[in-house]
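There are 2 protein chains.
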Amino acid sequence: MQFYVDGFRGGNPDIKNAAPTNRREYSTNAPLPEKVDVLIAGTGPAGLCLAAQLAKFPEISTMIVEASPENIERGKADGINTRTMEMFEAFGFADKVKREGYWVNQTNFWMPDPQDRTRIKRLGRVQDVADDSSEMPHAIINQARIHEFFLEVMRNAPTRMQPDYNWSVQSLTVDNSTEDHPVTVVLVNTGVNAGQTKTVRANYVVGCDGARSNVRKAIGGELHGDAAHQAWGVMDILANTDFPDIRQKCLITSATEGNVLIIPREGGYLFRMYVELDKLKDDERVANRNFTAQDTIAAANRIMAPYSIDVKEVVWWSVYEIGHRMTDRFDDVPDSERANRNPRVFTAGDACHTHSPKAGQGMNVSMQDTFNLGWKLAHVLRGQADASLLHTYSQERWLEAKRLVETDHEWARIMSAPPGESELDGGDEPRFVRQFKLNLEFTGGLAVKYDQSRLTGSNQYQALATGEEVGRRFHSAPVVRLSDAKQLQLGHVAEADGRWRIYAFAGENDGSTDSAIHRLADWLEQDANSPVVKYTREGDDIDSVIDFRGVFQQTFDELEYDKMPSLLRPTKGKLGLQDHEKVFCVDHKGLGDIFTMRGINREQGCMIVVRPDQYIAQVLPLKATDELAAFFDGILVQPE
Amino acid sequence: MQFYVDGFRGGNPDIKNAAPTNRREYSTNAPLPEKVDVLIAGTGPAGLCLAAQLAKFPEISTMIVEASPENIERGKADGINTRTMEMFEAFGFADKVKREGYWVNQTNFWMPDPQDRTRIKRLGRVQDVADDSSEMPHAIINQARIHEFFLEVMRNAPTRMQPDYNWSVQSLTVDNSTEDHPVTVVLVNTGVNAGQTKTVRANYVVGCDGARSNVRKAIGGELHGDAAHQAWGVMDILANTDFPDIRQKCLITSATEGNVLIIPREGGYLFRMYVELDKLKDDERVANRNFTAQDTIAAANRIMAPYSIDVKEVVWWSVYEIGHRMTDRFDDVPDSERANRNPRVFTAGDACHTHSPKAGQGMNVSMQDTFNLGWKLAHVLRGQADASLLHTYSQERWLEAKRLVETDHEWARIMSAPPGESELDGGDEPRFVRQFKLNLEFTGGLAVKYDQSRLTGSNQYQALATGEEVGRRFHSAPVVRLSDAKQLQLGHVAEADGRWRIYAFAGENDGSTDSAIHRLADWLEQDANSPVVKYTREGDDIDSVIDFRGVFQQTFDELEYDKMPSLLRPTKGKLGLQDHEKVFCVDHKGLGDIFTMRGINREQGCMIVVRPDQYIAQVLPLKATDELAAFFDGILVQPE
Ligand SMILES: Cc1cc2nc3c(=O)[nH]c(=O)nc-3n(C[C@H](O)[C@H](O)[C@H](O)COP(=O)(O)OP(=O)(O)OC[C@H]3O[C@@H](n4cnc5c(N)ncnc54)[C@H](O)[C@@H]3O)c2cc1C
Ligand SMILES: Cc1cc2nc3c(=O)[nH]c(=O)nc-3n(C[C@H](O)[C@H](O)[C@H](O)COP(=O)(O)OP(=O)(O)OC[C@H]3O[C@@H](n4cnc5c(N)ncnc54)[C@H](O)[C@@H]3O)c2cc1C
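So the protein lines, in turn, are chains S and D. Under the numbering used here, the first residue of the first sequence carries the number 5, and numbering increases by one thereafter. Under the numbering used here, the first residue of the second sequence carries the number 5, and numbering increases by one thereafter.
Hints listed in this document are in silico derivations from the structure and should not be mistaken for laboratory results. All values derive from a computational prediction rather than experimental measurement. The reader is advised that the hints may include incorrect statements.
For identical chains, the list gives no copy identity; a pair is met inside one copy or between any two copies.
[What the hints assert, rightly or not] Below, in silico cross-link-like pairs of lysine-lysine (DSS-like), each with a Cα-Cα straight-line distance of 27 Å or less: (1) Lys80 x Lys490; (2) Lys80 x Lys20; (3) Lys567 x Lys125; (4) Lys102 x Lys20; (5) Lys406 x Lys593; (6) Lys567 x Lys202; (7) Lys593 x Lys20; (8) Lys406 x Lys80; (9) Lys283 x Lys593; (10) Lys125 x Lys406; (11) Lys80 x Lys627; (12) Lys576 x Lys102; (13) Lys441 x Lys453; (14) Lys283 x Lys406; (15) Lys202 x Lys578; (16) Lys578 x Lys285; (17) Lys567 x Lys316; (18) Lys578 x Lys316; (19) Lys80 x Lys316; (20) Lys578 x Lys80; (21) Lys490 x Lys102; (22) Lys20 x Lys490; (23) Lys441 x Lys490; (24) Lys441 x Lys316; (25) Lys202 x Lys80; (26) Lys538 x Lys221; (27) Lys441 x Lys538.
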């Protein structure tokens, strides 16, 4: 992490200098603003992930309202997949989740013992995160803590952003005839002044207001989908048991009593159980059945026989029915009008797609939604891109949500089906295990791949980097920084700061002053057609829009730092200090060679253009300056 | 990290439940107490490390006073050696230092270019932390931040401890005729009520009040030592340079202009330089020479020619002269009286030994002093040990300080000596480099070895664990936890909580229910002579005094958890919840086999008894229950 570029300041470097414009400077209870750039509804994972990203830009006024009086304390989701952990790294709190959370290392499959079907037996075990699928663990932690980490990022950001609790979005209208804060939002107080309303005008509104979203309703969205008419209980408990795998993720299928999913939790004692309860009748809702926590505990004990659970404290519990539902689009522009106008209102997370909790996707996908939207809003509001960019949010995320609902659906079907004979005799690999393995990349959040578009290039040059697929997330790998010989993950240079990144991988023997990387760097720094030259605002740091990094095939002791192109050693900030963290070498301490690990063409090298949300936009030859210029010309606009 | 053993509680798990007795519960400005168990003078690294440790024990009343009005903001020490990082792990903030600090990976040696002695040239490079010497990096970070991390541990502890700023220890007297708070301390206010005095009575006083310690003076201590009559300048600067190794630690020797030491700092831009200034006359003090920051910058530029430094901001600077001084003992008991009375007053850190800053030892040794003292004070004050234990503090730490002063002295001599011809022709390895390599273990803080005593066993069974030497710190290695297959460092199970640890390494094929580890565990749990049985207070957790852990030679999938002895699966806390984190296996993912790495006898296994400050007290065969009982009988006393 970098700091002090504008001069030394004591204390916690995560606390950024406050921008003079921040509303909270006067008082935490400063009155609501009349107008904002962005109004976010809801402080769930989707809303907070967006707010944390926008909080870094003092030139954008953002407000986030929440109907509840405060953050939640327990319950709801708890699974953080590896992809989300990679994103947390960019927000600066992955280390905290790693330290505090439970790590899912193994998933165990328990099924009726073929010798005695009244007893369950462990029949399989799978490593939960495949080697080198991500540098991050699959972590489990209370959703409330994730909220707190985002809230801390917001509080520490220049805007000192905080939610306005006790305000609910009641309704909104869009006036498509103006560009000046066209969305009028009616907020209603849910606190001490309950019922009091207040009108705020916004340039953009993002509904992160959960499954019953008022924002969705206001733009005419409807959740479609199906329900499996199956009740499940979920509980977070402190309990003792003679079940030996209680600190590992377990999928348990009994012969006649149904299924249980065990998810160990943070702190070493707590764990979660998803327990299959009764089938529901076609017209029956789970709420009408009056299930109790005791029903869930009793069912769990039946399913897990001969083992038993002795519950000491029920921390949280709930019952739900399996269902998957989503809306037709994630913004306010019907397909028929896409060519004519740009979106003003968006929905994200549960507001536009809901999932079966057991697959552990809801919270992850919700955050990935707004991580996709955040930089696009920032680009438009900071004058870096045309507002038509905002169409790509619904396009990209709707397709992903659809894929997720389909996979999720398949998984739930398999989980709820009675085990077939073939999987009990130990002959076949059980269907469970097979499907689970197939799904690992998917449940890790790593299978997301955006289709070719103005944001995502073709696979024309994919052969130059076979392990870094265009449209998928940039897959980190170990490197060593040239200036200080530090081992680190290349992907960790990406912060959630709305910047683009170009990783230039040097060809063989590159490192001299006359090489493809040098020529690319010099072109980027000086040529009139270079996106760095064209799109960087005068007076801003040269890497403020596009952050250029070099990766060499040599080890750190084989390269000369003073021979590096000047774009890889730029001066920055108020004091004009030199940045020494742009050049990387291969790891020399046994963690692996990034060129081999990611299939980078050693002879030619290549450049990989990565979006602010960590997805790969382009893989190009080092000399493809025309393609590079054309790509950015299709997205960015010149500063005024 | 473990939490929720007494039931769920939302929010940050590092914030412990407040004890009802804590003074700050009423108000941050609660009046000073009349009597305390421990009064600590000074909030430098030594004082804060002690306070952070005692803060965890609500039954001990501790106060820490500081003459200054608040924490420092910049300057002073910045090097955290690997041993100190290991200790920070036990306090829970090593991750923060790792994330925020600079890592010293390589040290470079620059000397006059043999071809042209007016220019410096890089003549050597050494990996700064030898492979597997510690799992921790050598980190560099502002001393003020270390203070803040300790202050946070204190604030979050049950006692909610905070320093009483603006109170200086003026004098103290010890009444050896009473056991009831025999030390009377006169505090004088240095804030708004400047000059006001206040008397506090304490059972123990620890002078962590720096080189001019009043506490030391009060117990008749005097610093003896020598000075090299050589002035050095030190500055923390934001600067640009064409010197290519500016982000690596560098020792630079010029032909005629003297030496410079470069220490890169946190944040990517800041760095520190130690710059050799003039020789002082015999009776001259550095303060009388009126050196300026500009003098130091100018000298640095002369030494580093042909490279130059363009300083943009001087964050902090100082001049000093090299010197090494220490007192004859670190407590108030002269040798002649050791047999008759126990110490009541201690000194730690700079109060009893000062060093040349460049070796980067002062801050580290100061904290190691009080980490040694902290658990001993806690043992005595909580009735776990007899007060004679407190003699061992001065015994152990005085010898270490002496060794440090000697090494430090040698190093300073070499650093200040003009380079001999033999090291300039590139033939020999320069003296610098040779000595630096020899010193690495020492400067890492890893060479500390306490002599045989009631706390430190003999080397009789050392062959059972050749890589875990009795008297030295327990050297961590990778393991996998059986219950959840998590990879971790065995040493990281040790928290700064005043508990002893026994790591039982299983012999070959151990893992069945009839094995040496099982017999040891059962003896520990049940036998009347077992230290666990004898010294654990009724109603306390069975691991509250001695934390027993098992390490097996199998991988996690080869062992059955339900076959483990019950002491390795104890129930704990208010709810009687089972602890699943006591059993470890060898790493199966390529990080190495702990038995091989630490030379553990595979056939017999062994047990390693580790003190609360992470030093190895005993290496014993698994069946040596008599020796184990005798060892603890020599230290612990039975609870009343
Ligand atoms: C009871 C429950 C149990 C769950 N259990 C699991 C589980 O076991 N596993 C799992 O993976 N997922 C679970 N989920 C789903 C998971 O929590 C969601 O997928 C995730 O929280 C979605 O994030 P979000 O930000 O889109 O919406 P939410 O987290 O639902 O956040 C929406 C926020 O908007 C607020 N809000 C609503 N309406 C308004 C309004 N009009 N104005 C202002 N604010 C408003 C709400 O108070 C809420 O804070 C559960 C959800 C619920 C509700
Ligand atoms: C100006 C300066 C520069 C240094 N530079 C370096 C360096 O470059 N590199 C390096 O490794 N080390 C350096 N050191 C040394 C390093 O900081 C010390 O070794 C380390 O801080 C020792 O820790 P300590 O807790 O023993 O004492 P200190 O950190 O000195 O803390 C003593 C504390 O006690 C307080 N105090 C003093 N008297 C009283 C009293 N009577 N009552 C109450 N409180 C009192 C002081 O205000 C101070 O806060 C420097 C020290 C100083 C003073």
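Here is what the structure says about each hint:
Only between protomers do Lys80 and Lys490 lie at most 27 Å apart by alpha-carbon distance; the minimum there is 25 Å, versus 39 Å within a single protomer. With identical chains, the CA atoms of Lys80 and Lys20 are at most 27 Å apart between copies only, with a shortest distance of 24 Å across copies and 31 Å within one. For the homomeric pair Lys567 and Lys125, the shortest alpha-carbon distance between copies (16 Å) is at most 27 Å, but the shortest distance inside one copy (63 Å) is not. In the homo-oligomer, the alpha carbons of Lys102 and Lys20 lie at most 27 Å apart both inside one protomer (23 Å) and across protomers (20 Å), since each shortest distance falls under that limit.
In this homomeric assembly, Lys406 and Lys593 never come within 27 Å of each other (Cα to Cα): the closest approach is 43 Å inside a single copy and 36 Å across copies. Within a single copy, Lys567 and Lys202 get their C-alpha atoms no closer than 60 Å, and across copies no closer than 64 Å, so neither meets the 27 Å cut-off. In this assembly of identical chains, Lys593 and Lys20 lie within 27 Å of each other by CA distance neither inside one copy nor across copies; the values are 35 Å within and 39 Å between. Proximity of Lys406 to Lys80 under the C-alpha cut-off of 27 Å is restricted to the intra-copy arrangement: shortest distance 22 Å within a copy versus 58 Å between copies.
Proximity of Lys283 to Lys593 under the C-alpha cut-off of 27 Å is found in neither arrangement, the shortest distances being 56 Å within a copy and 43 Å between copies. Taking identical chains as interchangeable, the C-alpha atoms of Lys125 and Lys406 are never at most 27 Å apart, the minima being 36 Å within one chain and 62 Å between chains. In this homomeric assembly, Lys80 and Lys627 never come within 27 Å of each other (Cα to Cα): the closest approach is 50 Å inside a single copy and 49 Å across copies. For the identical chains of this complex, Lys576 and Lys102 are inter-copy neighbours only, at 25 Å across copies versus 32 Å inside a copy, given an alpha-carbon limit of 27 Å.
Taking the closest pair of Cα atoms, Lys441 and Lys453 come within 27 Å of each other only inside a single copy of the chain (19 Å); across copies the shortest separation is 50 Å, beyond that limit. Taking the shortest alpha-carbon separations for Lys283 and Lys406, only the intra-copy value of 26 Å comes in at or below 27 Å, while the best inter-copy value is 76 Å. Proximity of Lys202 to Lys578 under the C-alpha cut-off of 27 Å is found in neither arrangement, the shortest distances being 41 Å within a copy and 48 Å between copies. Proximity of Lys578 and Lys285 under a CA criterion of 27 Å is satisfied in neither setting, with 67 Å inside one chain copy and 43 Å between copies.
For a Cα distance limit of 27 Å, the shortest separation of Lys567 from Lys316 across copies, 24 Å, qualifies, whereas the shortest one inside one copy, 65 Å, does not. Taking CA atoms no more than 27 Å apart as the test, Lys578 paired with Lys316 passes between copies only; the shortest distance there is 10 Å, against 58 Å inside one copy. In the homo-oligomer, the alpha carbons of Lys80 and Lys316 lie at most 27 Å apart inside one protomer (20 Å), although the nearest pairing across protomers, at 51 Å, exceeds that limit. Within a single copy, Lys578 and Lys80 get their C-alpha atoms only as close as 45 Å, which misses the 27 Å cut-off; across copies the closest is 26 Å, which meets it.
For a Cα distance limit of 27 Å, the shortest separation of Lys490 from Lys102 qualifies both inside one copy, at 21 Å, and across copies, at 12 Å. Only within a single protomer do Lys20 and Lys490 lie at most 27 Å apart by alpha-carbon distance; the minimum there is 25 Å, versus 35 Å between protomers. In the homo-oligomer, the alpha carbons of Lys441 and Lys490 lie at most 27 Å apart only across protomers (20 Å), although the nearest pairing inside one protomer, at 35 Å, exceeds that limit. In the homo-oligomer, the alpha carbons of Lys441 and Lys316 never lie at most 27 Å apart, since the shortest distance is 34 Å inside one protomer and 56 Å across protomers.
Taking the shortest alpha-carbon separations for Lys202 and Lys80, neither the intra-copy value of 30 Å nor the inter-copy value of 54 Å comes in at or below 27 Å. Taking CA atoms no more than 27 Å apart as the test, Lys538 paired with Lys221 passes in neither setting, with 41 Å inside one copy and 68 Å between copies. In this assembly of identical chains, Lys441 and Lys538 lie within 27 Å of each other by CA distance neither inside one copy nor across copies; the values are 47 Å within and 51 Å between.
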